[in-house]
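Q: Chain R is fixed; fit chain S onto it per the hints.
These protein sequences, in sequence, are chains R and S. The working numbering applies: residue 13 is where the first sequence begins, and numbers increase by one. The working numbering applies: residue 13 is where the second sequence begins, and numbers increase by one.
Treat the hints with care, since some could be wrong.
Not the full set, but computed from the structure, chain S residues with beta-carbon under 10 Å of chain R [claimed, not checked]:
{"id": "1", "residue": "F92"}
{"id": "2", "residue": "W96"}
{"id": "3", "residue": "Q135"}
{"id": "4", "residue": "E159"}
{"id": "5", "residue": "V163"}
{"id": "6", "residue": "G213"}
{"id": "7", "residue": "I230"}
Just so you know, the hints here were simulated from the structure itself, not pulled from any lab data. In this text, all values refer to a predicted model and were calculated from it rather than measured experimentally. We put the beta carbon where it would ideally sit given N, CA and C, even for glycine.
2 protein chains.
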Amino acid sequence: MDEARPLLIERHGIDGRPHTVFAADTDAQARQPGESFLQGHGHGAHVMRERSSRGKDMTAPTIQPWPRIASRHGEDLHVFRPRWDMVQNPRTRAQMERVVCETPDWVNVVAFTPERELVMIRQYRFGTERVELEIPGGLIDPGETPESSAVRELEEETGYAAARWTSLGSVAPNPAYQDNRCWHFLAEGAVPAGDQDLDPGEDIAVEVMSTEQVMEAIRSGAISHALCITALSHVLDLRSQ
Amino acid sequence: MDEARPLLIERHGIDGRPHTVFAADTDAQARQPGESFLQGHGHGAHVMRERSSRGKDMTAPTIQPWPRIASRHGEDLHVFRPRWDMVQNPRTRAQMERVVCETPDWVNVVAFTPERELVMIRQYRFGTERVELEIPGGLIDPGETPESSAVRELEEETGYAAARWTSLGSVAPNPAYQDNRCWHFLAEGAVPAGDQDLDPGEDIAVEVMSTEQVMEAIRSGAISHALCITALSHVLDLRSQ
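With the rest of the complex left out, here is chain R (with noise of 0.2 Å):
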């Protein structure tokens, strides 16, 4: 597999959108008129020539867009909106229906209080039907900034608002079927600055713990929402391995 390494990795910044350069992008923009596919290559990777930046030719696996040749919407969801795209496989040429759920953008909140505790939340959800221990978070409204959509949740859901603001980038919550980002924020210094103020759809208990818990809650399963994992992952070393 040694031909088939990878070049280096597109760089796009943490919080890297959708319309940012990806491989196949810049594959097509080093590609010399004339140059052709070596297809089946490795593994059954396709395989094509390019240019590195400095100029050399290097062979680099690469996949291809799939052509998007007609869409139409689905029931609405609430959540999300479901589109059906028939699409190409550039590899087979087949054409096939597939799924995309259109849905707004996500944000959550890894908050600490001033001794450095994590304020979490439990509340009942409807899709695994149990009480999940969570971190703050919910859904972008329109025209709200990933910034204050974080700001606002975390006051709605805990009551607490905080000193200071970092972005913690952002994760696909899956790339497969979902078109939107969860946007991962910290909060330092956060203390109770008020009564929660929950929607008709939410019942939602406020906790304080210690890392040490919350690394113990991811480990025994208690935490289990992928999110909230993610924005954890960036204060907690969470290996097992």
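A: The following block gives chain S in isolation, referenced to the frame of chain R:
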């Protein structure tokens, strides 16, 4: 908030399934006949009196499950099936409709070569409409165990087979409206053992990367799939703060 500090968090194993004991169940089991709720305590959190495992009375926050009044299914979306649940908020008694996506479980694999490098894949993803750098994984087929699915997905997507397999537990991809889990596995001693076996919906390039390259890819946003990050957090220290 001192009086709202948590009891010990329930332990139910790192691969805890929804049927395992959770906080509200524990409360119900520990509650004595005639013991009552104290509501609206702290920042609006529900608090109830219960006995700790040592038999002492303690006050701890609790959140009640939301009764499901009725359910109906929406259009099958292949990757999941939406179910509309009429639920009742135990805080306000208000009834409301919430969507739950009935979703099969997923699996993904942190695969190390004998040289302690990671077996990564690149594929075009329809949700984010970009080529994503990920770890191997996919849907658990009906009748398949998470373990057998992990072994199969590694071989099909990369052509690699591994000498040693270890469970890394699981996460809930989104407890708010998905009922499934994503199971993480560690595969060690992974070596090329055959060709990829891609289905018509896949076009995948394999890349072997150092742990340093993978950590940099997470930092830069080149790896942004949340479920890959939760799996990789078992073997990499991802702290940025």
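Q: Which constraints among the numbered hints does this structure fail? Numbers only, ascending.
A: Hints 4, 5 are the ones this structure does not satisfy, whereas the remaining hints hold.
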